[in-house]
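What follows is each chain in one-letter form.
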Amino acid sequence: MAYEKKQTEHAHADHQGHTAEHFREKHLMLDPLPRGQMNDMVMESMLEKPTWKYWAVIGILSFIVVYFLFYKWGVLIAKGQGVAGVMRPDYWGIFLVNTVFWIGISHAGTFISAILRVFRAEFRRPFTRAAELMTTFGLVQAGFSIFMHMGRVWLAYWLMPYPNQRMLWPNLHSPLTWDLLAITTYLLSSTMYLFLPLIPDVAMARDRSTGWRKTFYKTLALGFRGTEGEWTHLRNAMNIFAFAIIPVMFSVHTIVSWDFAAATRPGWSSTIFGPYFIVGALHSGMGAAVVVIAVIRATMKHMKYFIRSEHFDAIGKLMLIISMAWAYFFFNDYMVQWYGGDKWTQQLLHFHEAGPMGWMWFTMLICNIVVPWAILWNPKWRATPWLVGTVGIIINVGMWFERYIIIPISVTINRMPFTWRLYKPGIEIPMGIGTLALFILLYMIASKLIPLIPVWEVQEGQMAHELKKFGRETVVTVSELE
Amino acid sequence: MSKQFSRRDFLKLAGVGAATTAILTGCGPASRYVKREPYMQMPEYTYNGQSTYYATTCRECAAGCGLIVRTSQGRAIKTEGNANNPLNLGKTCARGQATLQGLYNPDRVTDPIKRSSRGGDSTAVMDWDASIQVVADALKNNKPEEIAFLMGMAPDHIFDLVTDLANATGMNAPMRFGALGMFEARATLSKAAENLFGQASLPFFDVGGAQVVFSFGANFLETWLSPVSYTRGFAGLREARTKLRGKFVQFESRMSSTGGKADEWIPLRPGTEALVALAIGRLAAEIRGGAMPRAFASVDPKDAATKSGIKLETLEHLAEMFANSTGALAIPGGAALGQSNGLAVAEAVLALNAFSDNLGKPGGVYLSALAPNQTEYNRPASAREMQALVQKMFDGKIKVLFVHGVNPLFELPNSLEFGGASKYVSQIISFATFPDETAREADYVFPDHHGLESWGYQRVATGSAQPVLSGAQPVVSPYYNTRATADVLITAAQLAGGKFAEALPFKDEVEFLQSKIASLMSEADGSISALDIPTFMAYFQQHGGYWKMSDGRGVPSAEDMLNRTIAADEAEFAGEGEFFFVPFVSPTLAEAGANKPWLQELADPTTTVMWNTWVEMNPETAHELGIENDDVVKIVSEAGALEAPVYVYPAIRPDTIAMPFGQGHTAYGRYATDVDKDGNIIPRGVNPADLFGQHFNEAGDLAFAGMKVKIEKTGVKKPLSRLESLMGVYGIGLGEEH
Amino acid sequence: MATLADLKISEVKLAAEQTGKWGMVIDQDICTGCQACVAACAMENNVTFVGEVDSGYGRSMHWIRIERFWEGEYPEVKMTPNQPMLCQQCGHATCEPVCPAFATVHSQAEQLNLQVYNRCVGTRYCANNCPYQVRSFNWRDYQRPEPLPNQFNPDVTVRRVGVMEKCTFCIQRIHKAQDKAKSEGREVVDGEFTTACAQACPANAIVFGRVDDPESLVSQLGKQSHGVKHLEELGTLPNVTYFKGG
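Residue numbers (my numbering), protein chains in the order written: chain P, 127 to 608; chain V, 40 to 777; chain A, 250 to 495.
Think of the hints as simulated: they come from the structure by calculation, not from any bench.
Among these hints, one or two may not hold up.
[Claimed, not checked] Capping the alpha-carbon separation at 25 Å, the derived lysine-lysine pairs in BS3-like fashion look like this:
(1) P:Lys550 to V:Lys756
(2) A:Lys270 to P:Lys469
(3) V:Lys346 to A:Lys478
(4) V:Lys286 to A:Lys425
(5) P:Lys550 to V:Lys182
(6) V:Lys182 to V:Lys350
(7) A:Lys327 to V:Lys286
(8) P:Lys469 to A:Lys431
(9) V:Lys350 to A:Lys270
(10) V:Lys286 to P:Lys205
(11) A:Lys425 to P:Lys469
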């Protein structure tokens with residue numbers, strides 16, 4: 127902190143008085159550094175020689191990925207789904223819980239990046255990249271999870287509409303087909319959307335690196351030189367994508383919800399599931415984003431300059447709002463199902479609360495509603511990175527539980543009481559941990575390869591922001607640059 | 040067409056409809072003599088994609104149902120009931136369906152073997168010539184009275200062959216024994232018939248024709264006597280002549296799957312069956328008026344109500360039902376007869392039939408039709424007769440014991456000490472198809488063909504109005520290096536020479552069979568007739584046997600039946616303990632089904648448990664003892680102790696526990712046994728016969744149900760495999776009560 | 250009052266008009282729960298056994314199972330009539346639309362719900378969506394050691410790991426009977442053939458036949474007033490009619 131303060135003082139020789147000082151300290155946008163220096167900071171944070179701790183974590187994660195994810199997956203393929211905990215009537219288990227969970231995580235990336243960009247929320251600037259990476263990496267885990275779930279994964283390509291001799295096409299009535307199409311679209315578009323804003327940054331990195339990195343960045347930068355024409359094209363493309371990706375994002379989780387809502391099962395065929403799932407996704411996604419941001423800030427060099435309390439405060443507010451929205455949808459869903467009076471649904475709702483997994487139901491409510499409401503209302507607590515990060519983890523636990531309750535616990539109760547049975551997970555647990563490890567691993571590797579801070583976006587923001595003095599009052603002004 | 044179909048029509052039509060249209064063949068792939076044919080004339084069973092159907096007899100139990108086996112490319116692929124066979128009319132039970140899993144069981148005895156030490160794993164494969172020499176030497180080198188044959192319960196051709204051999208040479212007469220016969224208490228039924236009707240016979244109960252059926256422990260929808268036939272009868276009962284649905288009342292202390300179908304299930308105190316039957320008789324006689332029959336006179340209904348734990352009003356209501364019905368039938372059976380007073384129970388229940396005046400009438404009691412080549416009823420050995428055999432073995436009077444079609448080390452209770460006595464027998468030769476416990480303790484195993492690979496016939500003891508001789512023929516060539524026991528014995532007898540050779544002057548098994556059925560050829564009223572023996576034999580095989588076209592059931596004489604006094608004493612119970620112990624035969628496994636994986640995986644009809652043994656306990660009792668589902672308890676009787684997990688069973692008396700018989704094999708193949716963590720073979724489940732003491736009833740049957748046992752908790756849990764959901768069926772694990 | 254058929258939605262209309270072709274009537278009053286149908290089905294259709302642990306964990310492969318519940322408490326306890334539960338061959342099946350791979354399809358010719366084993370990729374959506382819970386999944390590559398495979402029915406595919414399966418109304422028997430009738434230039438006669446379960450049933454509690462033929466036994470029985478169809482309220486148009494006890 128002291129180091130950064132000194133830097134700040136050094137850069138701003140012309141003091142504007144105490145108020146301006148206060149503004150600068152608080153707001154990144156009002157605390158500009160020379161471009162070169164900022165670029166160097168980002169480069170340094172990326173090129174910083176990894177400590178033994180970093181390698182140790184990488185090693186452990188790689189082991190988990192190789193053993194828990196890939197080796198166990200081999201076992202699963204060789205031995206069949208029997209090594210997992212699925213059975214009649216719980217044909218769907220943790221693999222699908224994880225699929226929905228990771229898709230949910232991936233939502234925050236687009237939400238932060240696209241929606242906040244469209245609405246010009248300035249606090250987004252330093253962490254859009256981090257969020258977009260989360261989207262892409264989260265979707266990878268979701269894809270893995272859904273493939274793990276398939277009984278004959280080696281035939282997964284049959285779900286793609288490819289021309290074939292027998293004129294067999296996937297069944298477009300099935301929500302699963304739409305799932306696959308939506309997730310693929312989302313993965314492709316979010317990767318594109320991750321890539322576009324990355325171009326100026328990798329161009330910057332290209333100019334500041336040597337060796338293989340130079341080649342790497344050169345390739346990624348597609349010859350970007352920063353001419354006015356290039357910027358115009360890039361801005362246009364980003365704008366189009368930012369608007370276009372929003373409906374994709376909404377559709378993805380709505381479609382995921384159809385997997386359940388379109389089924390003839392008590393507790394599933396609920397019309398509110400579409401928006402309920404989207405809000406749920408944002409809930410867990412924002413939670414995950416804040417954890418990622420908090421970790422980046424705590425572990426990487428110079429990040430305390432870029433990511434400040436104001437950002438946690440802003441995200442915290444969003445989390446609180448989303449938590450309220452989630453609570454509303456949850457209540458609505460519960461209310462309508464309960465009011466419907468169907469005897470199997472009644473039985474299921476009772477089972478949720480009072481059954482052997484009732485603790486999970488209550489924990490879910492505590493994690494998703496009580497904890498965020500109790501902590502995030504307070505501006506001071508909301509601005510404390512570790513606290514907001516912890517809340518993010520708790521929300522994610524709660525949201526994972528929510529999906530667990532919707533899938534394996536709810537399918538326990540069906541219209542044939544003779545078959546009711548409680549799900550006991552097997553190989554899903556280590557494999558689920560494997561996906562988490564892979565997610566973190568990808569992130570750690572990415573942090574050494576691509577600038578996690580979209581430096582041009584920050585600089586752009588800083589250029590637009592200005593402190594002006596009207597009489598004795600210091601006022602923040604923002605100009606439109608684009 | 041708006042004609043209303045009654046259920047009875049539906050049964051009739053469905054029965055006809057189910058008749059297979061397949062062309063049946065009389066000459067199986069294991070035809071006796073090889074005939075060289077040009078390659079162009081392939082045998083029909085080798086045609087690609089075409090199935091050939093053979094009629095034969097089911098050997099899974101002693102009932103003798105007719106089967107049609109579908110074969111394709113020389114493989115048996117499906118068994119169906121033989122629609123022509125009057126016993127089962129095209130139907131089978133689950134065991135009949137699973138018979139192929141015996142034929143193609145991976146654990147069959149593949150070659151004749153010599154065991155270096157009894158019970159050991161080390162065996163040497165022999166060739167058949169040497170094996171037959173062993174049998175011949177055993178016959179020749181021992182005194183005939185030192186040779187004994189122990190056979191399965193089925194009255195089949197091998198039994199006849201050995202009987203002929205014994206009659207001619209002075210060997211011990213072959214004994215037929217099976218656990219099913221023990222649990223059915225066949226000797227008691229037969230003795231009761233002898234006492235009351237003056238003729239030893241297996242009574243036949245025409246359930247289908249009755250209006251009201253009172254069953255005292257008879258599990259006739261499970262394994263009792265002839266389950267397929269009795270199930271058909273039950274279906275008939277539900278839609279009887281007058282279009283009224285027949286009523287069915289079951290008296291038993293533990294609800295069997297038969298009892299589960301009852302309109303009224305009366306859980307009486309074990310041992311009071313005779314008392315209850317007589318009390319119902321007395322109350323019914325009072326309702327009908329007239330002179331009180333002597334048989335019922337001495338019973339006090341109030342006393343019976345107190346002792347049996349049935350309310351007096353219930354008894355009165357039942358008596359009313361019995362008295363006012365035009366077709367009331369009472370059946371004694373199962374655990375009710377396997378008690379110290381079993382004979383009295385049988386007599387009391389049969390007396391009810393006399394009172395109902397249904398003897399020899401539709402919906403009543405008959406004497407089972409004797410099979411076409413049979414002159415008198417020949418029941419399997421009772422447990423007491425087995426005990427006598429065991430005693431002879433102990434005394435060293437048996438030097439050679441041949442075992443065929445039975446597994447005495449599993450089926451006989453431990454307390455009879457067959458295992459101990461076998462040590463005094465110098466040579467034990469088993470003809471087992473499967474490596475069962477007895478084969479493991481035998482010096483030699485000369486495996487017989489599986490039932491579907493062999494020739495033969497089987498007399499139908501009961502279940503059909505017509506006299507039936509079910510015929511068997513090989514439907515596939517023998518899969519392994521096995522040989523028909525009849526062939527082995529015929530060849531060995533000829534090698535042994537003397538009386539042995541004279542007794543069996545046949546070239547092979549088929550010639551023996553022909554000699555046995557030849558006399559039927561000229562008889563009138565038969566299902567098939569022919570002028571020469573090969574044609575008759577071919578018809579016999581093609582149709583799956585020979586039966587008379589007329590009713591062959593005997594009419595029991597009712598003279599004086601009601602004027603006898605029948606003892607109404609309660610049964611005596613051996614052992615100290617607070618619980619009555621009711622063993623019952625597993626409806627899906629029976630005594631020999633445990634090695635067929637699909638029978639193991641069938642859900643028990645009452646508990647839906649698969650692959651293991653359980654102890655049934657009343658929920659209240661379990662609650663009082665602090666026992667839950669799957670808690671392993673130790674059951675201690677006077678004769679032994681064993682451990683099994685508890686199934687909290689809502690339909691059993693609080694003072695009673697029950698256990699199925701059928702598991703607990705220590706040998707008998709991979710599906711009948713289990714493997715522990717170290718790969719050692721351990722029993723799958725337990726055998727409740729280990730708890731039986733040496734107590735018999737008057738007729739010589741084992742009083743297997745006359746026991747009291749203690750229960751001890753072990754603190755161990757062993758989850759039972761259930762098809763049902765504990766949550767959905769019992770509400771266990773759903774959270775606090777809704 | 251408007252009925253389903255009055256609606257202009259073509260599929261709803263189709264479903265409401267649909268009567269099915271093959272059907273079954275099961276008399277629960279005479280079903281003794283003896284499991285002969287279960288065994289017969291397993292033998293006919295090459296259904297595998299799964300062993301003690303898996304069968305106790307809801308992984309048994311029974312295509313037909315017999316359900317029973319309890320009513321009352323000792324001593325007034327009653328076992329509810331045995332209820333054989335098998336694929337109801339719905340006219341408007343919930344399993345069909347959800348399969349992404351078209352492995353669960355409706356046979357237009359036979360009006361049955363087909364399961365195309367070699368098309369199945371194992372998403373298990375159909376089983377999840379089956380209100381009767383009658384589908385079985387091959388959780389493992391269940392091995393039948395030699396020589397047990399000798400008894401395989403050559404007319405029925407042997408399923409391997411990762412594939413969903415269910416009762417087919419013994420479609421191989423339907424086809425065989427139809428081929429035979431066709432070669433003889435006639436229609437299939439009612440009762441000419443039946444399913445393995447119906448054939449074995451010692452109590453004759455299961456009757457199988459054409460429900461679109463008003464003269465057939467199964468149609469006649471199906472018209473009985475005490476016949477019920479399970480979960481009819483879901484609009485699945487099941488083709489199995491049950492006679493409850495008594």
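Given the hint that Lys350 of chain V pairs with Lys270 of chain A, test it: the Cα-Cα distance must not exceed 25 Å. Violated: Lys350 of chain V and Lys270 of chain A sit about 52 Å apart, past 25 Å.
Does Lys469 of chain P pair with Lys431 of chain A here, judged by a C-alpha cut-off of 25 Å? This hinted pair is violated, its Cα atoms lying about 49 Å apart.
Restraint check for Lys550 of chain P with Lys756 of chain V, where alpha carbons must lie at most 25 Å apart: 18 Å, holds
CA of Lys182 of chain V to CA of Lys350 of chain V, is that 25 Å or under? Violated, at about 61 Å.
Between Lys286 of chain V and Lys205 of chain P, is the straight-line Cα distance small enough, at 25 Å or below? 52 Å, violated
Straight-line alpha-carbon gap Lys425 of chain A to Lys469 of chain P, limit 25 Å: Status violated; Cα separation ~43 Å.
Straight-line Cα separation of Lys550 of chain P and Lys182 of chain V no greater than 25 Å? Violated. Lys550 of chain P to Lys182 of chain V sits at ~65 Å, over the 25 Å cutoff.
Straight-line Cα separation of Lys270 of chain A and Lys469 of chain P no greater than 25 Å? Since the Cα atoms of Lys270 of chain A and Lys469 of chain P sit roughly 32 Å apart, the hinted pair is violated (cutoff 25 Å).
Given the hinted pair Lys286 of chain V and Lys425 of chain A, is their Cα-Cα distance within 25 Å? 41 Å, violated
Does Lys346 of chain V pair with Lys478 of chain A here, judged by a C-alpha cut-off of 25 Å? Roughly 46 Å between the alpha carbons, so the hint for Lys346 of chain V and Lys478 of chain A is violated.
What's the verdict on Lys327 of chain A and Lys286 of chain V, does the C-alpha distance respect the 25 Å limit or exceed it? 15 Å, holds
Violated hints for the displayed structure, listed by number in ascending order: 2, 3, 4, 5, 6, 8, 9, 10 and 11.
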